Amino acid sequence: MSSRSSGVPILRLGDVLITGLLNELDDKAALAFTDELTERIVADSARGVLIDISRLEIIDSFVARTLMELTTMARLLGARVIVAGMRTPVAITLVELGIELVGVKTALNAEQGMAALGWHQSPQPPEGAHRDSTA
Amino acid sequence: MTQPPDTAPTADNRTGAAPAGAAADHVVLATEEDLLSVRHALRTATLTVGFGIVDQTRVVTAASELARNAYIHGGGGVLTIEYPTRHGEKGLRLTIRDDGPGIPDLDQAFVDGFTTGAGLGHGLGGARRLMDEFEVRTAPGAGTTVIATRWLPQ
Ligand SMILES: Nc1ncnc2c1ncn2[C@@H]1O[C@H](COP(=O)(O)OP(=O)(O)OP(=O)(O)O)[C@@H](O)[C@H]1O
Ligand SMILES: [Mg+2]
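Which chain is which? The protein sequence lines are D and S, in order. Mind the numbering: the first sequence is residues 1 to 135 in my numbering, read in order. Mind the numbering: the second sequence is residues 136 to 289 in my numbering, read in order.
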């Protein structure tokens, strides 16, 4: 019953949902985002969710809790969550805060996160195919 | 929990400038949006002092935790930023004050995992680890004031 949308785009690539968190997400938007993502997992029968956090300049205990709750809910709905691209200072600070993202799988960047979700970039373009360098 | 009064828009919620001198900067903590103002104000303040990216992140995160505590547990409050010096060293001091119920057992409140709400219970203890100096003045019914300082490494 979120009265307001989080404004966070959620894209779909096959059976994977791709989304990302921004610094400007306030508490209400974070809660709305949790609702929206769980709804999309069900609606799109998603098996995986990639959450890019490379834009997040801080993760405080509220954001950490949101990520953990999202992961738990997604898992109950049959989707794996990978949180990708945590900045180094954010990781250092989280450790000092004493927060473990229990149950949350992480990847160094979005590409590795997608690979962990079963997406593979073919090393060679298919025979005779035109290689699109902007892809 | 009573709904805090609606205050001026976020951007106008800060008073005073943030010069490299001793002047103070205030952020009123009355709405959730004010918690975002805290991060913006502290990001600017840490840059003013000249902190590196890891210390910036530590200070902004600590401020976010303490401001949230004042907002959630203390029913709202005020965050003040100051720029102290000691023996030529520059620092950044946060003072977060609320007139809420106070913390009856401070030692317990510092323990990681202790919460009287729905949180992770890492805010207070974690914020202390992120700052160089940390002092809490509180008593039941008398509100809570946290004073936390981080010094710029020489
Ligand atoms: N300003 C305050 N006023 C009253 N009680 C407070 C205040 N700050 C902290 N507390 C008490 O100390 C406890 C521990 O605080 P701490 O920030 O560590 O955890 P939390 O706020 O419950 O959860 P988290 O910060 O991890 O989301 C709180 O649950 C609350 O009971
Ligand atoms: Mg807290």
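Hint data in this document are derived by calculation from the structure and do not stem from the laboratory. If you're wondering where the values come from, they're calculated on a predicted model, not measured in any experiment. Beta carbons are placed, not taken as given, at the ideal position from N, Cα and C, and that holds for glycine. Be a bit skeptical, because a hint or two may be false.
What the simulated footprint calls covered on chain D by chain S, stretch by stretch (three residues with Cβ under 8 Å from a Cβ of chain S suffice, anywhere in the stretch; the number is not a length) [stated by the list, open to error]:
1) 52 to 65
2) 91 to 103
Here are a few chain S residues that face chain D, going by a calculated C-beta distance under 8 Å [as the list claims (entries may be wrong)]:
3) Val189
4) Arg193
5) Arg203
6) His222
7) Gly260
8) Arg264
9) Leu265
A quick look at each hint next to the structure:
Counting residues of the segment 52 to 65 of chain D whose beta-carbon sits less than 8 Å from any beta-carbon of chain S gives 8, enough to reach three: the coverage restraint holds. For the segment 91 to 103 of chain D, the stated coverage by chain S is satisfied: 6 residues place a CB nearer than 8 Å to a CB of that chain, which reaches the threshold of 3. For Val189/S, the shortest C-beta to C-beta distance to chain D is roughly 5 Å, which falls under 8 Å, so the interface hint holds. Because the beta carbon of Arg193/S sits about 5 Å from the nearest beta carbon in chain D, less than 8 Å, this interface hint is met.
Satisfaction of the interface hint for Arg203/S is found here, the shortest Cβ-Cβ separation to chain D being roughly 6 Å, below the 8 Å cut-off. With a cut of 8 Å, the hint placing His222/S at the interface with chain D is violated, because the nearest CB-to-CB distance is about 26 Å. Below 8 Å, beta-carbon pairs count as interface contacts, and Gly260/S has one with chain D at about 7 Å; its hint therefore holds. With a least beta-carbon distance of about 5 Å to chain D, the hint placing Arg264/S at the interface is held under the 8 Å criterion.
With a cut of 8 Å, the hint placing Leu265/S at the interface with chain D holds, because the nearest CB-to-CB distance is about 6 Å.
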